[in-house]
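We have chain A; now place chain B onto it with these hints.
Protein chains: 2
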Amino acid sequence: MAKTKRIIITILLRLLAFGATLSATVVMVTSHESAKVMNIKFSAKFSNSPTFKFYVTAEAIATGYGLIVLFLSSRRSVDRLIVILDVVIALILTSSISAALAVAQIGKKGDSHAGWLPVCNQVPKFCDHVTGALIAGFVAAIAYLVLNLYSLHVFLTPLFPV
Amino acid sequence: MAKTKRIIITILLRLLAFGATLSATVVMVTSHESAKVMNIKFSAKFSNSPTFKFYVTAEAIATGYGLIVLFLSSRRSVDRLIVILDVVIALILTSSISAALAVAQIGKKGDSHAGWLPVCNQVPKFCDHVTGALIAGFVAAIAYLVLNLYSLHVFLTPLFPV
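Residue numbers (UniProt numbering), protein chains in the order written: chain A, 1 to 162; chain B, 1 to 162.
Just so you know, not all the hints are guaranteed correct.
Any copy, or any two copies together, can satisfy a pair, since identical chains are not distinguished.
Unchecked claim - The calculated lysine-lysine pairs, modelled on DSS-like cross-linking and capped at a C-alpha distance of 30 Å, are:
1) Lys-53 - Lys-41
2) Lys-108 - Lys-45
3) Lys-5 - Lys-125
4) Lys-53 - Lys-108
5) Lys-36 - Lys-125
6) Lys-125 - Lys-3
7) Lys-53 - Lys-5
8) Lys-125 - Lys-41
9) Lys-45 - Lys-3
10) Lys-45 - Lys-125
11) Lys-109 - Lys-45
12) Lys-45 - Lys-5
13) Lys-109 - Lys-41
14) Lys-53 - Lys-36
15) Lys-125 - Lys-108
16) Lys-41 - Lys-5
17) Lys-53 - Lys-3
18) Lys-36 - Lys-5
19) Lys-109 - Lys-3
Hint data in this document are derived by calculation from the structure and do not stem from the laboratory.
So that you can see chain A by itself, here it is in the shape it has in the complex (with noise of 0.2 Å):
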């Protein structure tokens, strides 16, 4: 009874972060937006920026992943390699997160040490998709943090008992 408990719980959240992964995913890529800023023409999209080129990787390798371990994870063979890979995608998801929240921060606000202008009230569009991107990755690291903290919780209690 505890370990159907244990599984769906476990599978619930590995869908909801799959989803989430392929959201920032397309989200992130279909973003692009031109603007005319003083008669000089820009266009705005993820791949100008290698941090958001980043963040599609990582989370594309993320969906990839979160796809076969969905199929795999009725496995116990894999269990280990999962728990131990789980923790990784947790830390390459945070990593590209932390990374585009980091530009977004400067593209939304700027940075007037540095002389950066922000660069949403001209491409307002772009700014929405990388927002609703980040939401997405959000979601996805909250999920594996959960997962991670939640699969640790259940192997390593039968190891130290109180």
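Same frame as chain A, but now just chain B:
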């Protein structure tokens, strides 16, 4: 015998991580440089950027945690908590270093699409400090990654006999 080896490896990794996070905190906090560009005086310091403030906070938390755990690690009763907290600290460190790296990359290379100019030519010493702090933080993050993979491996192996 195997247990002694495990304890020694763990303590060495923790000492390395502790030294690295401490250096990262100190080097980042002491980064400060004033420059004059076109008669406008400006000063670069870590507290100008929310991302670098987050970096210092995260490294300081990891330093404090590292110190406490070095004293506690001999008590078996807190082993499970430490395994879980190690994962959390690794996530915090990864997050802070990724964010700081993304901002530092813009500081060094700029972002021509967004019209953000590189600032490292104006404040080279500040950039050197940030680079040093990032390298130290990177060492700490790797130490925690290895520590996590190692303790997951050690604790999970008896649960999943081949």
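Verification of the supplied hints:
{"no.": "1", "hint": "Lys-53 - Lys-41", "in the structure": "within (22 Å within a copy, 35 Å between copies)"}
{"no.": "2", "hint": "Lys-108 - Lys-45", "in the structure": "both (15 Å within a copy, 21 Å between copies)"}
{"no.": "3", "hint": "Lys-5 - Lys-125", "in the structure": "neither (42 Å within a copy, 56 Å between copies)"}
{"no.": "4", "hint": "Lys-53 - Lys-108", "in the structure": "both (18 Å within a copy, 18 Å between copies)"}
{"no.": "5", "hint": "Lys-36 - Lys-125", "in the structure": "within (14 Å within a copy, 37 Å between copies)"}
{"no.": "6", "hint": "Lys-125 - Lys-3", "in the structure": "neither (46 Å within a copy, 57 Å between copies)"}
{"no.": "7", "hint": "Lys-53 - Lys-5", "in the structure": "neither (38 Å within a copy, 41 Å between copies)"}
{"no.": "8", "hint": "Lys-125 - Lys-41", "in the structure": "within (16 Å within a copy, 36 Å between copies)"}
{"no.": "9", "hint": "Lys-45 - Lys-3", "in the structure": "neither (46 Å within a copy, 53 Å between copies)"}
{"no.": "10", "hint": "Lys-45 - Lys-125", "in the structure": "within (11 Å within a copy, 33 Å between copies)"}
{"no.": "11", "hint": "Lys-109 - Lys-45", "in the structure": "both (18 Å within a copy, 18 Å between copies)"}
{"no.": "12", "hint": "Lys-45 - Lys-5", "in the structure": "neither (43 Å within a copy, 51 Å between copies)"}
{"no.": "13", "hint": "Lys-109 - Lys-41", "in the structure": "both (22 Å within a copy, 22 Å between copies)"}
{"no.": "14", "hint": "Lys-53 - Lys-36", "in the structure": "within (24 Å within a copy, 34 Å between copies)"}
{"no.": "15", "hint": "Lys-125 - Lys-108", "in the structure": "both (12 Å within a copy, 28 Å between copies)"}
{"no.": "16", "hint": "Lys-41 - Lys-5", "in the structure": "neither (56 Å within a copy, 63 Å between copies)"}
{"no.": "17", "hint": "Lys-53 - Lys-3", "in the structure": "neither (39 Å within a copy, 43 Å between copies)"}
{"no.": "18", "hint": "Lys-36 - Lys-5", "in the structure": "neither (55 Å within a copy, 64 Å between copies)"}
{"no.": "19", "hint": "Lys-109 - Lys-3", "in the structure": "neither (48 Å within a copy, 52 Å between copies)"}
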